[in-house]
Amino acid sequence: MEYEAVIGLEVHAQLKTESKIFCGCSTRFGESPNRNTCPVCTGMPGVLPVLNRRVVDFAIKAALATNCTIQRRNVFARKNYYYPDLPKGYQISQYELPIATGGYVEIVVGGERKRIGITRIHMEEDAGKLVHEGEFEKAHHSLVDFNRAAVPLLEIVSEPDIRSPEEGGAYLRMLRDILVYLDICDGNMEEGSFRCDANVSVRPKGAKEFGTKTELKNMNSFRNVERALEYEIQRQIQVLREGGTVVQETRLFDANTGRTVSMRTKEEAHDYRYFPDPDLVPLEIDDEWVERVRKTLPELPLEKIDRFQKEYSLPLYDCQILCSSKNLADFFEEAVKLHPNPKGISNWIMAEVLRELNREKVDISETKLKPAHVASIVKLIDEGTISGKIGKSVFEEVYRTGESPEKIVEERGLVQVSDEAALEEIARKVLENHPKEVESYKKGKTGVIGFFVGQVMKETKGKANPKLVNEILRRLLSS
Amino acid sequence: MDLKNLTLEEIAREIREGRLSSRDATEYYLERISSFDGAVNSYITVTEERAREEAAACDEEQARGKLKGPLHGVPVGLKDIFCTKGVRTTCGSRMLENFIPPYDSEVYRRLREAGAVLLGKQNMDEFAMGSSTETSYFGPTRNPHDLSRIPGGSSGGSAAAVAAGLSPTSVGTDTGGSIRQPAALCGVVGMKPTYGRVSRFGMVAFASSLDQAGPITTSVRDAAFLLGVISGHDPKDSTSVNVDVPDYLSFCGREVSGMTVGVPEEYFIEGMEEEVRKRVEEAVERLSSLGCRIERIRLPHTDYALACYYIVAPAEASSNLARYDGVKYGYRTESYEGLIDMYMKTRAEGFGSEVKRRIMLGTYALSAGYYEAFYGKALRVRSLIKRDFLKAFETVDVIVAPTSPTTAFGLGERLHDPLTMYLSDIFTIPVNLAGLPAISIPCGEDGKGLPVGVQIIGKHFREEEIFQVAFALESELGRARVVDPESTAGEGE
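Protein sequence lines correspond, in order, to chains A and B. Numbered according to my numbering, the first sequence spans residues 1 to 479. Numbered according to my numbering, the second sequence spans residues 1 to 493.
This is chain B alone, in the form it adopts within the complex (with noise of 0.2 Å):
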């Protein structure tokens, strides 16, 4: 059977039926990793033995007519992020290279539950930090649709995987738009919840206030599947909110005519490619001829997102990161004279250089004397932005603007100049700030034929009306596609 066009809920619905095995499910994915990972890097470890014992479990476990959950037998990718009990857990850093944790992060314990049968760990900007996958310690992830290209990032694995079909979903985490724009980029889905609605236990933090996780997958119906899976209250995580998770699935489909869809001034700006423009006003233009009103609003605070967001995450970062010390787990460094000396060394060693440029960032901002100037502005600009949004969802239902101001960029072209990399997160920044859900959908490609993403910005705890538009909307333009890597390697410029 070929998988590479079935959607999650399809596979997982043909091994429930008895139509695929697990196994058969893993070796397939197991099989197209071999093949293409090669050109792609999109997995840091690929845990085929793992997969195997546990898909031939999964089979016997159905044989004996028992079924584990809504993820039966399915193979899953997982950004390097979550920690596995007994599987190593890198985020993308020397400094967690041989970092095995002794415990699960909650996302994987829920997936495992319902079944899941996990196939590696995807790869990532180191820590987190990076639009472009392009920081990770263990080499650039490439995007599918050019392998020239960046697949974006942080989640550029995971995203790259799905739009190869390396594995047929993954969950990313999102801190200032990691999982939507290379979900853009890659023309797959991509959905960031609410802060506190998907536990964070166990998700090796970058800044804590932001993160969240979310499902990377190739449909609208997938990505409020997989949602269902994940999500819930966590006793384990204090900032996971006790509020009952709806069954988002039961929304795709439902009429979005009489909804009311903002579009931001402040997010078509100078300087955002012609074609991201288009395809994304194309886009509000179905929702308005599928009866959605269109309302044009203003988000005055957006001008200020990124300087607040990098001020914000850096500081928590900063705090976040000062745990990896050689001390009790990670890398050390080989020889050193004292204890500041194996602090130092450790450090310079084990973390890259954009790392360490945000922890210098975050540091500075949190230090006495400086913290009211920037912190404490910080704080009051990001509550400014988030009465934006509040002050819009009293007359939209959601919000429509692009994800990211470009389509995927070429590698190496933005690593060295920070600030340029920042602008990629433009669009998805504001939305961490202010906690709310959004989704990346694919709508259309630019004149090079790489995929253009559409976010759709919801209200808190709201997702379900996000997946209700998106799936409207991935109904006009059509479910993102699956490509085979070397088919298109070179395509394009």
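Here chain A stands alone, though its shape is the one from the complex (with noise of 0.2 Å):
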């Protein structure tokens, strides 16, 4: 029988507002521990929480972005449960009244378009962190960093409308980039400010009836996402396969062996006991808040794909790359406003600048480099005046030092020899000092030409024009 698999995924994000969801300390990441901390939330007798209504306007943005219905009356719950690193025991979320319901974010995966549906979005704070002394099962005692307790965070529930692992992992992707675009989540997975956990089932291909299904946990990036997910489906198969049934239970994905190991069952789930929470009154939105923040929307990714598909006529697989960062699109089309070649243009960015970004892990808005270094490169190579592989060379010089390129080629000397009688005295000493070769090409074997470029190419140290020194070549071999 063949099966087939229904996923969900419940992500979370931590935005990136400057104070607490529910206090006015900073949500500043790598602070000494404790410091970003204050009696409210620090969960001390007595104290109150206030809305920060800078979460509600980037909770807004990102239910727009989804395609969501904003609820117009929003109620915070208190889930129960005893943590050390929740320091009321209780965490101040939304249940029954989520501020978004009912959105769809739009993948594309194998070239086709495939809406995922949106369930929720709702507006949370964060916990603590524990830090334990040694190893964790023989540590003596844990110590508790609150800098990250009601920091906000928003969770975004997806229906299980997924069905591979490439398509959790586009879905994920994709909600990352608009989140990243809205600018108000950092969307980094290892760093834990972007975290996703998967409830994954199998049924047989064309049954309508929902498999029993696991939550997966602990998937810190996007490639383990993918490979959580793979292994627990086949892991699920297998079991269906021999007989057997799934149990509902929570999973922890080891990175380490790539599987899935059973955390608790069904059983032992908790009773978070929610109700309304009484210090906080309902939180009602009106359409002008809505308005003025749908004002403030950026373009988001695939709108932008959309539009360098028909703006640049560049193919949907550049597009895609160049706009899965916001900084790399932007840098993109600046580029290509001072010079424009778009194809060139790209080609130069998804090859030569990405290999750099990818070796250094870093954001091209942390590099020395500039658009206008790249149109210039490209330009150069277009006008002739420097050769591609020159290009390359000066644009490695460009990215270290962040020199303009017009500057390294002229102080290098690098400028392309386009002087057809210096070429031709050159072009002429290669094929006298290499007669063997010169005999064989008049046999037929013409392709020994690309030795007699390189033989020119290396006289002149890279800088003479390829395309002139094939014509001069075959001119003189023909002769």
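FYI, nobody ran anything at the bench for these hints, they're computed from the structure. Everything numeric in this text was worked out from a predicted model, so none of it was measured. Some clues are possibly wrong.
[What the hints assert, rightly or not] Partial chain A-side listing against chain B, Cβ under 8 Å, derived: (1) R78; (2) Y90; (3) S93; (4) F275; (5) P435.
[Said to hold, decoys possible] A few chain A residues that face chain B, going by a derived Cβ cut-off under 8 Å, partial list only: (6) G43; (7) P45; (8) G46; (9) V47; (10) N80; (11) P84; (12) P87; (13) D271; (14) R273; (15) P278.
From the three backbone atoms N, C-alpha and C, an ideal C-beta is built for every residue, glycine too.
Could you fit the two chains together into a complex? Lean on the hints.
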């Protein structure tokens, strides 16, 4: 029997507000432990939460960008459970009345578009962090850092519309891109500012009923989400094929082994005793508020991809890569403005620029590279001033130093030799020095021309105009 | 100067006009505390040194021609539920026996800004759960009118201190009657304002949707005066309401003739003490003779108030008290094996039995599968009770009723009978559920010389009308009597 997977993803996105969701403490990452705390976010007796309205702005942005309906009346609820990183013994979240419901995110998988439904988006506070003295199991004691406690989060829950790990990855990346475009989350899975849990089940292909699902946790990269889904789908299919049944449980992904292991079963699940938080009054969101936020929405990733395809006549693949980061897309557009060769510039960004960025794991904004640099290099090549090969070495230096390409080309005398007489002189010499190769060319092994071109380039230290060299060599060889 | 029979307002005036120093006023109360509080146990912490320093600072400032505010140099007491920066705040619990807050509650901040001198933190039922101040980890407070009796609760320390002249005034909190009931049983004035009138910031939470701070004083004018100081919008409390605070004092002395007073049938029940009924009915007569129109009214859902309250309040409490886990501050058990053991032992040892009972009640009421049957239903009953009052207020200006069905009962008499104990608040609880303001003022004594209180309930944010009626009635019945506890000890029975 053939099986298909049914996947829903739950994302927790940390919001980039200056201050926490219910107090004025800073949300800055990397401060010394418990520096960003106050009586409110450490749950001292008698203190009260006051909602940071920027969090609501951000949530509205996310809701609009994912085509959700914004709920006018919002109620915060308490989710009660005990853990040392949860200072009040409850998390303030939204339960029955979340801020947004019923939206979708459009993804592109294998060139096809697909909509993944969004069930709900709600606002809540993050917990603190436990630091265990030594290894977890043997630790004598643990320390609590409340810097992260009450940092605002959005929980974004998808419909079970995802059918493969690949779709899961595409959805997650698209959602991340959207939030980063909105400038409300930095989307960093490794640092935990963008986290994902998955609900996975399998069913016979074509069946309408859902199978029993498991919940996957502890996947801290896009790749690991895909790996965990892949493993879990196969595991469940295996269980069913062997005549067993899938147990409803929470499973942890182990990145070292690539497997998922059982953490707790349904029977052990918490009863969170949700109830409306009496310390916070219901939040009413009116049209005016929504419209004010709507005006601040930027062009979203998929809109940008569409526009790039039309405006620059680029292949879909190029557009997806360029638009995966707003900064990269902006960089591209700036460069094209300065030198209107979209495909040329796109090629350079996708090959040379991204290689450097990936190698250093940095964002384009963190480098010395400017759009004008790339525009100049492509322009110098297009105009025949330098060769593509020289272009690459110029780029490396520009990337390293931030100097202008023109200056580097000029200072290092890299201007391409297009002087026909001079090149002919060199070409003659090369042919004279390699009579054997000339012989075999004349016998019909015309491919050897590449060897001659290479020799001329070598003589000219790569500065010769390769097209011209080719022409000259052919002429000389055929005479 | 003997301050015993002076009102807060009078003490403030004596100091302001230079006839009394803050230092002398403070010493007067510190001395009374050291003479009488051994018997009454109305204070958990007496902030003697701090009070002397603050008083001296007030006197110096005044000598330079500066006054801090309307309470300049006036000594005050505070229920030990209000966080005070640098002064331990126990909430009557072992859990917070050594907790020293790094922040002030908004109520105390306003008192301090107004120039008040803090005498100390007053005894209360643990986490304000109780009606007799017997559940305090720091021992029971005794009623100054009869030391064998309880003072009521949970603000029993505050009411007893004011009744015994151990502080000229106090601020208490009222979740189901915790200001009004002890005020009634100790023969003083206690005012619970409209929910949202006074900031709850820094006031240790019991049941967030019901808790409200208010004054305990020896006169209606003092209650009006003090409420004016502590009320008003606070951005740190989202439930505090941004409405203007009227000049309450200006309503004391206004004509009440022509006002309509509602008397609810449901508040004169089987089982209440006959003399309490009589005193309250006499008070209603007085209002009638002052020209008020008396109207018999119905509040049909009153019967369900107690049941509703004992779902809503414990449910909120079970969540509010979850933070006392031994991790961050407060009590932590001595030895434990791992996290769960630390939680269990800390909470088993840190909380008393009434607190544990309510945490269990509330946890149960919120549990999956029971939420709708208990909490959900309680919320619906709560809105019916509120609707009863709103309907009554369509025809009446204020409602008059007994504060408590009995006068002060004996120490230990109800401690192990929670249901009877809970009945002490049967007339006060509906007011909290509806979020309304109400005052309790003395209206005479029973045969044993124990004080009886009458409750005046007003419309939302119309505290001034309550003061207007209460002042008129107080003028007829006489002001609260401050007693020396020793002289009355053992009387009655």
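Could you work out which earlier hints the structure fails to respect and list their numbers in ascending sequence? 3, 5
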